[in-house]
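Chemist: So the protein lines, in turn, are chains C and A.
If you're matching positions, the first sequence starts at 4 in this note's numbering and goes up one per residue.
If you're matching positions, the second sequence starts at 67 in this note's numbering and goes up one per residue.
Keep in mind that the hints were calculated from the coordinates and are not lab data.
The structure displayed is predicted, hence computed values, not measured ones.
A portion of the hints provided could be inaccurate.
As the list claims (entries may be wrong) - If you only want the chain C side, here are some residues facing chain A, beta carbon under 8 Å, derived:
1) W191
2) S233
3) P349
4) S407
Just so you know, even glycine gets a beta-carbon here, dropped at the ideal spot from N, CA and C.
This is what each chain is made of:
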Amino acid sequence: MKKIVFLFLIVFFIPSVHAQTTPADTITKSGELKEVVVCDKHEQEEELFNFHKSNKSNTTEDILARMPGVFLIRRGSYGMEPMLRGYSAGQMNLTLDGMKIVGACTDKMDPVTIYVEPVNLQGLQVSTGVSGAGMGSSLGGGMNMTLKEAEFLCSPRPFTGFSSSFATVNHGTTNSAFFNASNSRVAWRVSGVYRFAQNYRTASLVSIPHSGYEKANVSTSLVYKLSENSILKADYLNDMGWNIGFPALTMDVGFARADIASVSHRYLNAKSKISKVYSKLYLNRINHRMDDTHRQNIPMHMDMPGKSQTMGYYSELGLKTRGRHHVSGRADFYHSQTKADMTMYPFNEPIMYLQTLPDNYRINAGVFAKDELTIDSTQRIIMSVRLDRNLSVMDSKTGNLQWSVFGAFPTQRVFFTKNIQAAWCKAVGKNWFTQLSTGYAERVPTPNELYGYYLYNRLDNFDYLGNMLIKTEQAWQGEWTWNYTKARTMVSLTGYYHHINRYILGQIDSGYSPMTFGARGVKAYFNIPHATITGADFTINNPITKRLDHISTIKLVIGSTSLHTPLPQIPPLKCLHVLRYKIRKWLFQGEADWSLPQYRNNKQFGEPQTPFYMVFNLRTGYKFNSGSHAVQFGISVENITDRRYREHLDFNIIPRPGRNVVVNLSYAFH
Amino acid sequence: MKFFNTRFAYIAFALLSFFIFANTSCKKDEKTINPNPVDPYPIPSNLKLIGETFASGAAAKVKVYAEKDLFAGYNKLYVALFDSLTGVRITGAHVYFEPVMSMGSASHGCPVENAGPNSVNGLFKGAVIFTMASGTGATWTLGLHVHNHLNDLDGEGEISINVVNPADVQVKVRTALNDGKQLILTIIEPASPKVGVNDFIMAVHKLNTSTNEYDTISGCTVQIEPLMPSMGHGSPNNVNPVYTGNGHYAGKVNFTMSGLWQVNLKIMEGAAAVDTTASFNFNP
């Protein structure tokens with residue numbers, strides 16, 4: 004019984020104590036929750052996450068960009084789309100607290116990551132390849148962001164904090180605040196962020212039009228302690244955006260709103276046969292309106308709204324370790340609906356209307372089971388299986404009529420997908436461990452790939468047609484990791500190879516003419532015979548002295564189609580080196596961020612080659628604690644050399660921001 | 067209260083019906099001949115009466131119906147013939163349409179599709195392609211020539227009609243490039259265009275100056291090309307019209323979205339171009 008109480012204390016109090024003493028790192032060290040495992044490379048990722056999150060002015064996207072294996076597809080200065088080892092969109096699973104959220108924008112301007120702000124981001128779990136199947140079937144893996152929940156504080160006084168920052172490059176201001184209060188049974192937390200930025204300036208103070216944005220985010224969490232082992236939780240998040248500029252696209256986001264709500268029940272008891280049951284019922288709704296009223300020289304005005312609604316449920320189950328087995332599982336269900344249309348207003352002519360993504364829904368039910376089998380003190384085998392049944396239906400009269408010009412298609416499809424993984428880890432000596440992992444993964448085509456109707460892609464300048472006969476993508480994956488840990492030093496190297504059968508790629512259909520002004524042609528989604536993705540991730544976390552830390556990450560991905568042409572949108576080798584020096588209340592950090600040139604560009608996809616770049620950032624911070632008050636002050640200079648550069652995944656050759664000075668100040672008290 | 071009102075209404079209605087019934091049954095006893103026997107072919111409710119006349123000489127009363135008000139374009143006409151003495155429906159006859167547009171000293175006709183010899187559900191079905199709308203100093207009259215198969219007599223009648231312009235032009239009077247004849251191009255379908263696949267039916271006529279009649283033209287190849295003029299794009303998988311008889315050409319036209327569509331035509335007779343610049347607008 005004592006042990007349970009102890010665990011409980013760890014779970015609920017350690018983070019809050021930690022948070023109160025150092026507002027710079029208001030993150031829960033969820034590592035403390037973990038059992039000691041023979042091999043866990045996630046620990047290192049967590050370390051990295053916490054390291055990068057400590058910079059107050061960062062957005063969730065900034066933090067993501069620094070994680071191993073993670074890249075960002077950039078269309079504007081906000082709303083970048085995460086990519087995991089060359090997999091993006093429907094190939095990977097982006098979840099928020101395990102909830103499925105379907106973007107409402109057919110141009111992928113609203114990845115789930117934009118709904119989370121560092122002030123309400125608790126943690127980030129990146130699982131690559133088939134190991135990410137826990138949250139849903141995917142090829143590329145999963146990225147699950149956990150929202151901060153209200154904490155039970157050790158004192159009855161509430162815990163409050165404010166933070167402000169200003170960036171010179173876009174005159175961007177960010178103001179955020181949080182409030183957390185609790186008594187012995189109930190804990191409540193509310194946090195909010197407001198961001199406003201004008202057009203940013205690239206090198207030599209050249210302004211990039213349509214790159215400003217305005218955004219507000221509020222989230223609240225209420226936790227009710229049912230018993231010592233179980234809680235009831237209600238969460239609500241509201242995110243609104245106005246005039247979010249997308250310089251690389253032909254339209255901006257006029258208005259976007261997301262409402263994400265859930266109620267959950269969590270039971271944790273290390274002593275019981277069932278050690279964990281976490282269930283959540285959720286509902287989210289996204290409204291998204293693209294807008295061109297701020298653009299000049301447009302042939303005609305058009306409205307492109309999109310909406311999505313998802314309702315779902317999941318239960319996660321953890322069993323107490325029994326003998327050599329540690330079994331966990333998850334069952335989930337969701338129902339999602341999406342629709343996007345386009346209304347055009349030509350001069351002196353009737354209004355034109357088109358459903359670019361006709362009304363459609365999908366019902367998905369899946370089960371996941373995982374067994375961690377301990378062979379001996381140095382070896383362990385992890386096996387997991389996930390099975391899904393997915394029903395996808397185009398449920399639109401207009402959509403049916405539009406599609407009728409291409410013939411008759413099955414508007415209703417049932418997909419069964421299987422995700423299977425087997426991994427073997429072994430500790431070698433005192434400091435090394437190695438993990439060999441193989442897996443088979445399948446994923447369901449996205450609504451865009453099934454039902455999209457002349458969806459314009461700015462990058463290759465083609466209109467895209469869905470394909471209702473398209474098949475699931477299937478991948479065979481292999482991954483080998485070597486880890487070295489000694490004291491605070493951690494080194495990790497992972498190499499991977501994925502062979503993807505029936506890879507879904509847009510193929511030119513020369514028989515059709517495009518609908519969009521100036522578009523080069525029409526592409527339709529097809530399964531190409533196969534594609535391969537090979538790559539490596541390297542991370543080193545190396546404390547040089549007691550005060551000086553060095554962290555480097557290197558990411559490499561190479562993708563090829565069955566015809567040996569490069570896969571589109573694959574980044575070149577990318578590196579980040581960070582040196583952080585801490586002395587008393589001061590922190591100094593230097594960063595070098597560079598990337599090799601990308602010559603393996605897919606010309607058919609309209610990708611240009613991307614040159615080498617290297618940018619340097621300098622950050623300094625000062626932390627001051629006095630009793631129950633804490634103040635943190637920071638200045639960063641990003642892109643010190645004012646280099647004009649872009650990354651390979653940046654759409655349409657729009658340069659990144661030039662020299663930028665960011666000042667931030669935060670204050671917390673209890 | 068409401069219930070009471072309803073019940074009251076029922077009782078009142080029942081009483082009223084009883085009185086009316088009693089009244090009519092009395093009258094029936096007095097008159098033995100019913101001047102209006104039950105018509106075996108009631109006129110469908112979607113049809114509109116355009117006009118009626120007597121085809122004097124054929125002992126037939128003529129009633130002309132259409133689906134909507136007459137317009138410049140392809141009008142389906144339904145003719146009901148009654149024996150002028152007994153009022154009995156005539157089911158065997160030829161009905162010839164003889165429309166005339168009078169503009170002061172000048173006048174002309176237009177292409178027609180005559181009806182007969184047998185009625186379908188009592189109606190003789192034909193069509194008239196009005197090439198223009200009525201206006202000031204421009205009036206249409208619809209001459210009707212009936213050959214009554216009951217008595218083998220011929221008769222003529224006439225009704226004055228009004229022809230309006232539809233929202234989109236459906237008939238065009240052009241000059242054939244190959245022989246200089248007056249060319250009439252008429253859209254029959256889609257009459258109500260929709261997004262998706264539409265039947266595309268058109269008629270091709272040329273004026274025969276020696277007979278002053280409009281001949282149906284059968285040997286053409288027709289190509290269609292739909293286009294959204296404000297976007298500059300077309301649509302896939304259209305089927306070019308082919309000849310189906312009676313001057314008609316039938317194919318398929320696809321509209322991928324709602325809005326203004328322009329269907330461009332290219333009409334050839336063998337290697338010779340008849341018309342390469344005509345186009346019609348549609349608003350699905």
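Chemist: Take the hints in turn and mark each one as holding or not.
Modeler: Results of checking the hints against the structure:
1. W191: violated, 50 Å
2. S233: Cβ of C:S233 sits 54 Å from chain A, so the hint is violated.
3. P349: holds, 4 Å
4. S407: holds, 4 Å
The earlier numbered hints that this structure contradicts are 1 and 2.
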